[in-house]
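*Asks:* Listed below are the residues making up each chain.
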Amino acid sequence: MTSVGQALKRKEDPRMITGRGYYTEDIQLPGMLHAAIVRSPEAHAAIASIDTSEAKERDGVVAVYTGEDMAGDFAGGIPMVWAPPGVEIKTPEHWPLKRGQVKHVGDPVAVVVATSRAAAIDAAEDVIVDYDAKPAVVDPEAALADGSPLVWEEFGTNKTHEWAVAGGDFDAALAEAEVTVEARYVNHRTSGAPIEPRCSVAEYRGDKLTLYSTTQIPHIARFVLGGMLGVSEDKLRVVAPDVGGGFGAKLQVYAEEALVLALAKRLGRPVKWTETRSEHMTTSHHGRDQINYITLTAKRDGTVTGCRARVVADLGAYQQLLTPFIPTLGFPVMGGCYAIPSIDLHFTGVFTNKMPTDAIRGAGRPEATYWIELTMDKLARELDMDPLELRRRNFIRNDQFPFETALGIVYDSGDYEGTLDKLLGHFDVDAFRSEQASLREQGVYRGVGFSTWVEVCGLAPSRAVGPQGVGLQAAFYESANVRVTPTGSAIVYSGISPHGQGLDTSFAQIAGDILGIDPQNVEVLHGDTDQGAWGWDTYGSRSLSVGGEALARAARKVQEKAKRICAALLEAAPEDIELEDGKYQVKGSPDKSMTMAEISGAAHIPPNELPADIEPGLEESSFYDPENFVFPFGAHACVVDVDVETGKVTVVRYVAVDDCGPAINPMLIDGQVHGGITHAIGQVLYEQIVYDEEGQLVTGTFVDYALPTAAEVPRFETDRTETPSPTNSLGVKGIGEAGTIAATPAVAAAVLDALRPLGVESLDIPHTPVRVYEAIQAAHGNGADPPSSQQGVRLDEHGKGSAGSGPTRPDEGGAS
Amino acid sequence: MGATVRIGVTVNGERRESEVEARTLLVYWLRDELGLTGTHVGCDTTNCGACTVHLNGESVKSCTVLAAQADGAEVTTIEGLAPEGGLHPLQNAFWEKHGLQCGFCTPGMIMAAADLLQRNPHPSDDEIRHGLEGNLCRCTGYHNIIEAVKAAAGNEVSA
Chain A
62 MTSVGQALKR
72 KEDPRMITGR
82 GYYTEDIQLP
92 GMLHAAIVRS
102 PEAHAAIASI
112 DTSEAKERDG
122 VVAVYTGEDM
132 AGDFAGGIPM
142 VWAPPGVEIK
152 TPEHWPLKRG
162 QVKHVGDPVA
172 VVVATSRAAA
182 IDAAEDVIVD
192 YDAKPAVVDP
202 EAALADGSPL
212 VWEEFGTNKT
222 HEWAVAGGDF
232 DAALAEAEVT
242 VEARYVNHRT
252 SGAPIEPRCS
262 VAEYRGDKLT
272 LYSTTQIPHI
282 ARFVLGGMLG
292 VSEDKLRVVA
302 PDVGGGFGAK
312 LQVYAEEALV
322 LALAKRLGRP
332 VKWTETRSEH
342 MTTSHHGRDQ
352 INYITLTAKR
362 DGTVTGCRAR
372 VVADLGAYQQ
382 LLTPFIPTLG
392 FPVMGGCYAI
402 PSIDLHFTGV
412 FTNKMPTDAI
422 RGAGRPEATY
432 WIELTMDKLA
442 RELDMDPLEL
452 RRRNFIRNDQ
462 FPFETALGIV
472 YDSGDYEGTL
482 DKLLGHFDVD
492 AFRSEQASLR
502 EQGVYRGVGF
512 STWVEVCGLA
522 PSRAVGPQGV
532 GLQAAFYESA
542 NVRVTPTGSA
552 IVYSGISPHG
562 QGLDTSFAQI
572 AGDILGIDPQ
582 NVEVLHGDTD
592 QGAWGWDTYG
602 SRSLSVGGEA
612 LARAARKVQE
622 KAKRICAALL
632 EAAPEDIELE
642 DGKYQVKGSP
652 DKSMTMAEIS
662 GAAHIPPNEL
672 PADIEPGLEE
682 SSFYDPENFV
692 FPFGAHACVV
702 DVDVETGKVT
712 VVRYVAVDDC
722 GPAINPMLID
732 GQVHGGITHA
742 IGQVLYEQIV
752 YDEEGQLVTG
762 TFVDYALPTA
772 AEVPRFETDR
782 TETPSPTNSL
792 GVKGIGEAGT
802 IAATPAVAAA
812 VLDALRPLGV
822 ESLDIPHTPV
832 RVYEAIQAAH
842 GNGADPPSSQ
852 QGVRLDEHGK
862 GSAGSGPTRP
872 DEGGAS
Chain L
598 MGATVRIGVT
608 VNGERRESEV
618 EARTLLVYWL
628 RDELGLTGTH
638 VGCDTTNCGA
648 CTVHLNGESV
658 KSCTVLAAQA
668 DGAEVTTIEG
678 LAPEGGLHPL
688 QNAFWEKHGL
698 QCGFCTPGMI
708 MAAADLLQRN
718 PHPSDDEIRH
728 GLEGNLCRCT
738 GYHNIIEAVK
748 AAAGNEVSA
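Line by line, the protein sequences give chains A and L. Just add 61 to wherever you are in the first sequence, counting from 1, and you've got this note's numbering. Just add 597 to wherever you are in the second sequence, counting from 1, and you've got this note's numbering.
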């Protein structure tokens with residue numbers, strides 16, 4: 062029996078359920094010191110002076126350094142790696158500790174190193190910094206206006222860059238359009254908020270530096286940090302131990318990683334730094350933060366003829382690793398799963414006095430899918446057409462794959478009708494509409510939202526996104542090494558770096574089947590730059606479709622060599638050896654067979670019968686660069702109730718049908734979908750990073766920044782279709798970000814559907830109680846039907862009414 | 598170093614004594630002094646529940662308890678929930694039902710769920726969801742956590 066396709070229990074779990082996981086914060090090294098960072102309380106200021114004398118006097122303090130003190134420790138600043146051909150992106154100097162000026166709240170200005178965590182934190186509070194405050198700007202459109210305060214005066218503008226791509230003739234589509242709909246959307250700023258805060262531990266022994274870090278990208282981090290520190294890569298090892306969730310927030314090379322390395326080198330002792338949750342909210346990169354101006358053109362019969370997007374992206378104060386690239390990352394699917402003949406996209410990046418944005422789960426694709434799907438709904442209303450019928454009329458048909466979009470992107474495979482049909486098999490729209498009508502008579506406002514989504518992932522063909530493609534200064538192939546031990550178990554090393562996805566298990570299934578070894582005896586290693594080949598790590602839903610394929614290819618090479626050894630020993634032709642139920646046997650003679658343990662034993666201690674042209678050992682590597690992206694897709698339905706007296710939204714049902722190709726482990730797919738949807742529910746209903754007008758962060762803790770709890774999400778109903786991708790031999794596509802991409806519009810559309818009878822036609826996310834309540838009141842002022850009750854009071858904009866923040870109904874005393 | 602206190606706490610059935618700074622939080626004493634790193638810290642504000650342990654048989658967030666407050670008490674952490682080498686029914690159920698992904702919230706989630714099942718051996722879905730409101734998970738969407746707690750309670754079919 063093959064294990065691929067089975068819901069194998071995870072190999073990772075035994076240590077994690079017993080408290081024996083090994084996370085970076087768990088590491089204690091002999092003589093280890095603790096670092097605490099002194100951060101700017103100002104959004105924009107000149108540093109007038111820093112007095113470290115009092116801090117240095119405190120018990121346990123080993124050193125206190127400012128940016129000036131450490132200027133010589135770094136050969137380079139924190140880099141940004143996008144250089145699109147023909148476009149200049151304004152990129153300021155970005156040092157781990159700031160000198161001269163600070164540009165956002167939380168900007169690091171000094172570091173304290175002490176013998177204990179508490180001593181370091183105490184001393185950091187005694188560092189006295191004088192700031193001369195300067196005007197700050199936090200709104201990206203205000204930042205583009207004449208006369209705005211400048212984040213970087215030397216650039217003379219807050220505009221970082223413009224980037225555009227188009228295909229087909231949108232201007233003609235607009236001129237000839239029978240129907241045109243326009244809309245403005247705000248994809249607000251969010252936090253990745255893994256439950257494990259960031260932590261880095263650095264050690265310096267002899268001439269070798271080792272960094273243990275909560276990172277999704279140990280290989281890229283070594284490359285970047287080696288450059289920042291002026292250290293060659295052979296002298297720098299980066300290890301990602303168990304990592305407690307990433308969601309993009311750990312797809313970064315952070316100032317603190319470079320700092321602890323420099324400190325360990327300076328002081329000759331290991332140094333640990335652990336982020337507080339407030340530091341995470343302040344200085345782990347944020348996501349989203351775009352304003353989108355969308356135009357769709359169509360014929361009266363519903364045929365969409367053109368799509369135009371103008372995107373203003375708030376990048377914050379600096380360029381981190383991928384900051385300016387993220388808003389554009391979704392461009393290949395900015396037409397959705399629809400055959401749209403003209404697409405015209407334009408992006409403007411803007412500096413503000415805020416933490417930089419970068420990749421957070423979905424990274425550009427939830428934003429795009431949000432505006433595509435909501436604008437399709439709006440077009441359907443304009444045409445007085447069923448929104449699902451409008452989608453069906455514009456779906457790329459199965460017989461059109463591989464489908465080249467107006468932008469020249471080739472969608473690999475799809476069955477958009479198939480997932481929608483399957484969704485509607487689980488969700489009876491007519492029954493819902495009659496239930497909705499009868500509930501409304503009882504004062505219950507229920508709504509449904511649909512999302513027929515496609516995304517682009519499996520980063521990526523290096524030719525498409527590398528230096529000569531879109532312009533990332535990197536490549537995106539993946540590596541794998543497969544080693545069979547003399548007794549017939551396997552150790553594989555992959556260049557990906559998972560942090561919760563369960564790839565120790567799914568990769569063992571892939572390799573085990575190909576090798577003829579029980580997956581329980583396949584150990585999957587990753588996340589240690591001294592253990593394996595160069596890799597490009599985990600993000601962009603690439604681990605399986607790129608890393609898994611690399612692994613399959615390496616395993617097939619091992620299988621091929623095993624067959625040659627087996628053939629030599631059984632006196633058969635290699636092409637006559639087949640792998641059946643874990644045995645390598647001669648076709649037609651199942652009694653003549655060998656197990657992998659026997660073959661590997663012979664490979665490692667070769668008997669004389671083995672021909673000299675077969676090298677000893679049983680180990681192979683592979684480097685795989687995909688020919689194309691992969692394009693997962695699906696159809697989701699979300700049902701919500703809106704309490705019109707309080708504005709509170711409750712998700713009452715969620716149905717998801719997704720297609721990521723053939724399942725390696727269906728249990729892991731469901732888990733990714735559940736988590737992805739919940740991430741989107743958080744963004745649409747609860748979560749928002751908020752800065753006030755002066756650039757102070759208002760949402761600095763989990764009290765103010767509300768993650769969904771178990772009580773805020775429903776049971777999820779999931780199903781799948783399986784349409785293989787022709788891009789890789791496994792046929793697989795990514796699923797890690799799909800739920801977030803799909804659910805963002807589905808949840809928002811459900812809220813709007815519930816509110817429509819009250820006259821609310823559009824409403825920016827997050828749909829917090831106060832926003833929803835005020836929208837209802839405003840619509841009533843416009844002459845719409847009043848809700849069944851006029852009770853309710855102004856709630857605070859943030860916190861109240863969100864997860865974990867106490868009662869939200871006026872009659873429960875939570876607001877008055 | 599500020600004022601210190603001498604404490605004696607029975608941790609996972611074993612008497613442990615030490616001299617701690619008075620302000621030391623229970624979670625850091627468990628992690629840094631005793632090396633019981635299964636108990637995690639995820640926030641500064643007692644919201645996330647990754648640090649949940651049992652103090653005299655009831656779940657507490659050990660980031661909001663001083664080590665000194667545990668003097669004379671019994672503390673159970675995830676490492677001591679089941680006898681060495683065995684699994685508590687909740688641990689087994691989290692494994693069976695895929696109730697964890699990155700595993701960081703898992704020890705706290707299991708300790709909170711264990712306390713919930715002590716107080717309410719056969720909770721409904723809704724009671725489980727509200728019972729675990731104080732424990733945040735960013736990976737699973739809670740779906741399989743609820744399934745795991747139901748399975749451990751032996752009432753998988755109840756709605």
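It should be emphasised that the hints constitute simulated quantities derived from the structure, not laboratory data. Backbone N, C-alpha and C fix where the C-beta goes; we use that ideal spot for every residue, glycine too. Be a bit skeptical, because a hint or two may be false.
For each label pair, taking beta carbons as the anchor points, the in silico distance ranges come out as [said to hold, decoys possible]:
# : chain 1 : residue 1 : chain 2 : residue 2 : range
1 : L       : GLU693    : A       : ILE666    : 49 to 59 Å
2 : L       : HIS727    : A       : SER495    : 30 to 40 Å
3 : L       : THR661    : A       : GLY161    : 52 to 62 Å
From the structure, some residues in chain A lie toward chain L, with a derived Cβ separation under 8 Å [said to hold, decoys possible]:
#  : residue
4  : THR79
5  : GLY80
6  : PRO255
7  : PRO258
8  : ASP303
9  : VAL304
10 : THR337
11 : GLN461
12 : HIS560
13 : GLY561
14 : GLN757
15 : VAL759
16 : PHE763
17 : ARG776
18 : PRO785
Over 12 Å on every C-beta distance to chain A, these chain L residues come out as not near it, computed from the model [as the list claims (entries may be wrong)]:
#  : residue
19 : VAL602
20 : GLU614
21 : ARG620
22 : LEU652
23 : ASN689
24 : ASP712
25 : ARG716
26 : PRO718
27 : GLU730
28 : THR737
*Asks:* It remains to establish, for every hint, whether it holds in the given structure.
*Replies:* Cross-check of the supplied hints:
Taken as a hint, the range 49 to 59 Å is violated for the pair L/GLU693 and A/ILE666, whose Cβ atoms sit roughly 40 Å apart. Taking 30 to 40 Å as the suggested C-beta distance range, the pair L/HIS727 and A/SER495 conforms, at roughly 31 Å. For the pair L/THR661 and A/GLY161, the beta carbons lie near 40 Å from each other, so the given range of 52 to 62 Å is not met. Because the closest C-beta pair between A/THR79 and chain L is about 7 Å apart, less than 8 Å, the hint holds.
Given the 8 Å rule on beta carbons, the hint for A/GLY80 holds: about 2 Å separates it from the nearest Cβ of chain L. With a cut of 8 Å, the hint placing A/PRO255 at the interface with chain L holds, because the nearest CB-to-CB distance is about 6 Å. With a least beta-carbon distance of about 7 Å to chain L, the hint placing A/PRO258 at the interface is held under the 8 Å criterion. Hint on A/ASP303 holds. Least Cβ distance to chain L is approximately 7 Å, under the 8 Å limit.
Annotation: interface hint on A/VAL304 holds; nearest CB of chain L at approximately 7 Å, less than 8 Å. At about 5 Å, the closest approach between the beta carbon of A/THR337 and any beta carbon in chain L falls short of 8 Å, and the interface hint on this residue holds. Contact between A/GLN461 and chain L, as hinted, is not supported at the beta carbon level, the nearest pair being about 34 Å apart and thus beyond 8 Å. Among the interface hints, the one on A/HIS560 holds; its C-beta lies about 6 Å from the nearest C-beta in chain L, closer than the 8 Å criterion.
Look at A/GLY561: its Cβ gets to within about 3 Å of chain L, closer than 8 Å, so that hint holds up. Violation of the interface hint for A/GLN757 is found here, the shortest Cβ-Cβ separation to chain L being roughly 18 Å, above the 8 Å cut-off. With a cut of 8 Å, the hint placing A/VAL759 at the interface with chain L is violated, because the nearest CB-to-CB distance is about 15 Å. For A/PHE763, the interface hint holds, the least distance from its beta-carbon to any beta-carbon of chain L being 4 Å, beneath 8 Å.
The interface hint given for A/ARG776 is met, as the beta carbon of that residue sits about 6 Å from the closest beta carbon of chain L, less than 8 Å. Taken as an interface hint, A/PRO785 does not check out: its beta carbon lies about 24 Å from the nearest beta carbon of chain L, beyond 8 Å. Taking the minimum C-beta to C-beta distance to chain A, about 15 Å, the non-interface status of L/VAL602 holds against the 12 Å cut. Here L/GLU614 stays apart from chain A, with its beta-carbon at least about 20 Å from theirs, past the 12 Å limit.
A beta-carbon of chain A is positioned within 12 Å of the beta-carbon of L/ARG620; the least distance is around 7 Å. No Cβ of chain A approaches the Cβ of L/LEU652 within 12 Å, the least distance being about 17 Å, so the stated non-interface status holds. At the 12 Å boundary, the C-beta of L/ASN689 falls inside the reach of chain A, the nearest C-beta of that chain being 8 Å off. Distance check for L/ASP712 against chain A: the nearest CB is about 15 Å away, which clears 12 Å, and the non-interface claim stands.
Against chain A, the non-interface label of L/ARG716 holds: every CB pair exceeds 12 Å, the least being about 16 Å. No Cβ of chain A approaches the Cβ of L/PRO718 within 12 Å, the least distance being about 19 Å, so the stated non-interface status holds. Its closest Cβ contact with chain A, about 5 Å, brings L/GLU730 to no more than 12 Å, contrary to its assignment away from the interface. For L/THR737, the condition that its CB be more than 12 Å from all CB atoms of chain A is violated, with the nearest at approximately 5 Å.
Figure legend: structure checked against the earlier numbered hints; hints not met, in rising order: 1, 3, 11, 14, 15, 18, 21, 23, 27 and 28.
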